[in-house]
Amino acid sequence: MKQNFLQIDVAKEYPEFALTANLTVAEGEFFSLVGPSGCGKTTLLRLISGLAVPDRGRIILDGQDLTGVAVAERRIGFVFQDYALFPHLTVKGNIEYGLKVCRWSTAQRERRLRELLALFELETLANRRIQELSGGERQRVALARALAPEPFLLLLDEPFAALDYGLRRRLRRELKALQTQLGFTAIFVTHQQEEALSLSHRLAVMEGGRILQVGSAPEVYSKPCHPFVAKFLGDANLIPCTVEVTGAGLLVTPEAGAAFTLPADGGEVVEPGSYLLMIRPEDVVLAEKEVVYTGELMTVEYLGHGFYAEIKTGADLILKILVEKTTALKAGQTGGVSFRKQALKLIPIN
Amino acid sequence: MRRPGWGHLLPACLLVLFYLPVLVVLGQAFLRPNAWSELVSFLGSQPFRRILAFSTTQAFWSAFFSVALALPGAYFFGRYEFPGKRLLRSVMVLPFMLPGILVVLSMVVFYGQNGVFNQWLATLLPGRKLAFTGLYGFKGIVLTHVFYNFAFCLRTLGERWERISPQLEEASAVLGASPLRTWRGVVLPLLAPTIGDVGVLVFLYSFLSFTVVLVLGGYLYQTFEVLIYIEYNTKLNFARASMLAGIQMALLAVVLSLKRWTQRLVQQHSGEAAPLPPLHPKRQPVRTGVFLVYLGASLLFFLLPLVFVLIRSLKQRGLLDGSWTFDNYRLLWGDSFRFAVGSDLLTVIGTTLGLSITVGVATAILAYLLARGRRQLPWGKLDLWLQLPMGVSFLTFAFGLIRLVGRSLHPALLIIWAQVFLAFPLVYTLLRTARREWGEELLAAAQTLGASGRELFWTVEFPLMRKALGSAIAYGIALSLGDLSAVLVLGQGKVITLSVAVYRLIGHYHFPQAVALGTLFIILAVLLFLIVERRLKHEAEFFTN
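As you go down the protein sequences, you meet chains A and B in turn.
Residue numbering for the first sequence follows my numbering, starting at 1 and increasing by one per position.
Residue numbering for the second sequence follows my numbering, starting at 1001 and increasing by one per position.
One thing to keep in mind: the hints can contain errors.
[As the list claims (entries may be wrong)] Pair ranges (Cβ atoms, derived):
| id | chain 1 | residue 1 | chain 2 | residue 2 | range |
| --- | --- | --- | --- | --- | --- |
| 1 | B | W1438 | A | S134 | 26 to 36 Å |
| 2 | A | R129 | B | R1260 | 12 to 22 Å |
| 3 | A | T326 | B | E1440 | 53 to 63 Å |
| 4 | A | E255 | B | R1163 | 48 to 58 Å |
| 5 | A | G28 | B | W1438 | 47 to 57 Å |
| 6 | B | R1163 | A | T326 | 54 to 64 Å |
| 7 | B | A1131 | A | S105 | 25 to 35 Å |
| 8 | A | L119 | B | L1188 | 26 to 36 Å |
| 9 | B | V1307 | A | A161 | 25 to 35 Å |
| 10 | A | G28 | B | G1296 | 51 to 61 Å |
The hints are simulated quantities; they were obtained by calculation from the structure and are not laboratory data.
Quick reminder that beta carbons are idealized off the backbone N, C-alpha and C, glycines included.
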């Protein structure tokens, strides 16, 4: 497996927006670009495919510099958000299009078509017109069409955006299984954190035309290095704090809360100074020992598998907390909270 | 409350008024003694073959050139955003609003033997003796039809192109297709139904062409429409005229079924219009340049003939090198005008305005009442039957009408009857679409808020429909203004409209007066056009600010 299968180092400027990106994707990897709309993820996808041309920089795919290579010659598959299926062709015609264009022989073409129709369970729909298909079926045709000419790389631009929640979850699992089975390299664009976390080997969080953090899903979720990443992927409490280095480890003093000591963690070197303390709501616990904050439960929402609540502490700080259903919560209740130390992340304030 | 039965009464009346004259023609064509044997011998005759060959070939080439010349422009309109796009798009309706006789006049002024074009050729290339002499003939007829239909093709094709998602082209490129292959495999197949559809429409218009062929065709080139007129008017051979009308209807039925087929293909995959990238002079200098040249050339092609009608109307004796003068306008008041035209200027203008406003308002009211009833009644095919005038020519109907009622009704009334019939399909479609656009929810909402009856109409329905009604009336007026054949047949020489007056002035070689009257006529048509495209005003403001 080539670690540097795809190397991207590009910049593109538009009147209202600029994108810079630098990342590598390994062969066979399922890589996600996640961020709010307008963050530049689709633009990056278009630069990789050649549908847009970067102002500066290079994209290298499997050792070949793609600068100056025409879109049609890149052999990169693309699944568009609205699928962009050819309305004048049947399911079969759509899947075959890329093969015909690339001049596959009739025998090869038919073999490949049969393979794909079987793989995507489209055999019975082969001669249907696109207008007669459901959303999920269209999605499958779009995937089959993109994969047909055996691309080096598959790009997916929010392919589930037009579908309802249940179908989206099912297709997500199918896509993941398919990728594991076939082993193609994929870059997947989404603005849905859940999708990115569940699908990808690694992901990049983007905002305002920049890549903020790249890493595996658990890594980025539990160790965000930027407040935006913490807030965008899941729910987070971000509390300003100061950190001092002592013999026992790090002495963390959260704003308007009780100081506590973090044991010196092997690898990470932390300079003393001001930080943002990031703690996920599920890692805030009701406690009587090692209390960091005391406060009053404001809103309590029952979620089925547990409770979500907001605690107002003495200062104007609202803490979000997620507890299991065995702990019954009531609004108006007062008490102390503590943090699961190993889940806590200190984000430097620049 | 609506009285029961009323909803069906109106369409029934309209159907009778529309179909009776047609049935009369058909009856005379096919139910006479010897009708069929005459028909068979005529179908095998040389004149029939000549007319059929001419009508179809000129209609084919008119459609071909209109579409072929419109396609490059449609690409820019369908793929890019640029300042003034909407304005240009509305201007493209203008040729359609111009009466046929004015188009002919403009062509004569510009492309005629002593026209501007030939004078320019002589000045630019002296001594080469180059001149365009084909205006009165096949080439001239096709040229004039292209002048008429090109803008309409450009507009329709451009709008369709906008609805082909640019993403489809990207998808094709990503799959490995070259631009040419993408055009052949994706864009063309999606555009083809529309190309076919507008092509068939232009073919239909050109096949039915009357005014253009009557003036430019002479005795050598005739469409069925012109021949019906000659048989009826000059030779008084009514049986022949009926037979010709019957044959023409059969041929039109073929063209119309073709049209229905292409229309269905167009509707099959109509996508949504996607946002388009702006055309960037700096980033796409070649493309912008090509587009500007194209745009300039087409604007000149359109506007120059019209502009030179105006210029030559202000020249001594209508000659390009004459001195500036108002003499031509003064001549409109003179005896020679009355002698050539058969009436004086004020009567002509009064007759024209009276007729056309009556026709515009009456058609709009009838069509609106029908469009209102449309949603309550399950009519099915009725809409199709009301489209009949598409398949019946002006002359067939006028001819049937005169056979039906003869001289018992005033000619003006007959003309109104015929013109309402002819304007109906377009006006009805326009109003029905407008009504469909704002839906029934608004009326329902007003009703839940307590509005009813007259209040409902004046507070909700009328304000919403006002613009569409204005356009509908203007279209009706434009059709009436442009009609020459029905007035010639039904007016019996007594009803003289502007179209007839210009036609007679051209016929009598009163060229200076023709251009002067033509200029007045153009101004009238442009005013009408401005009413139809009222949005134009707001856009003009938008672009000057």
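Going through the hints against the structure:
Hint check: B:W1438 to A:S134, Cβ distance near 31 Å, so the stated range 26 to 36 Å holds. With their beta carbons about 20 Å apart, A:R129 and B:R1260 fall inside the hinted range of 12 to 22 Å. For the pair A:T326 and B:E1440, the supplied restraint of 53 to 63 Å holds, since their beta-carbon distance comes to about 55 Å. At roughly 56 Å, the beta carbons of A:E255 and B:R1163 sit within the given window of 48 to 58 Å.
Between A:G28 and B:W1438 the C-beta distance comes to about 55 Å, which sits within the given range of 47 to 57 Å. Range check, B:R1163 to A:T326: about 58 Å between beta-carbon atoms, so the 54 to 64 Å window is met. Taking 25 to 35 Å as the suggested C-beta distance range, the pair B:A1131 and A:S105 does not conform, at roughly 59 Å. For the hinted restraint 26 to 36 Å between A:L119 and B:L1188, the CB-CB distance of approximately 31 Å keeps it satisfied.
Hint check: B:V1307 to A:A161, Cβ distance near 53 Å, so the stated range 25 to 35 Å is violated. A beta carbon spacing of about 56 Å between A:G28 and B:G1296 agrees with the range 51 to 61 Å that was offered as a hint.
Of the hints listed earlier, those the structure fails to meet are numbers 7 and 9, in rising order.
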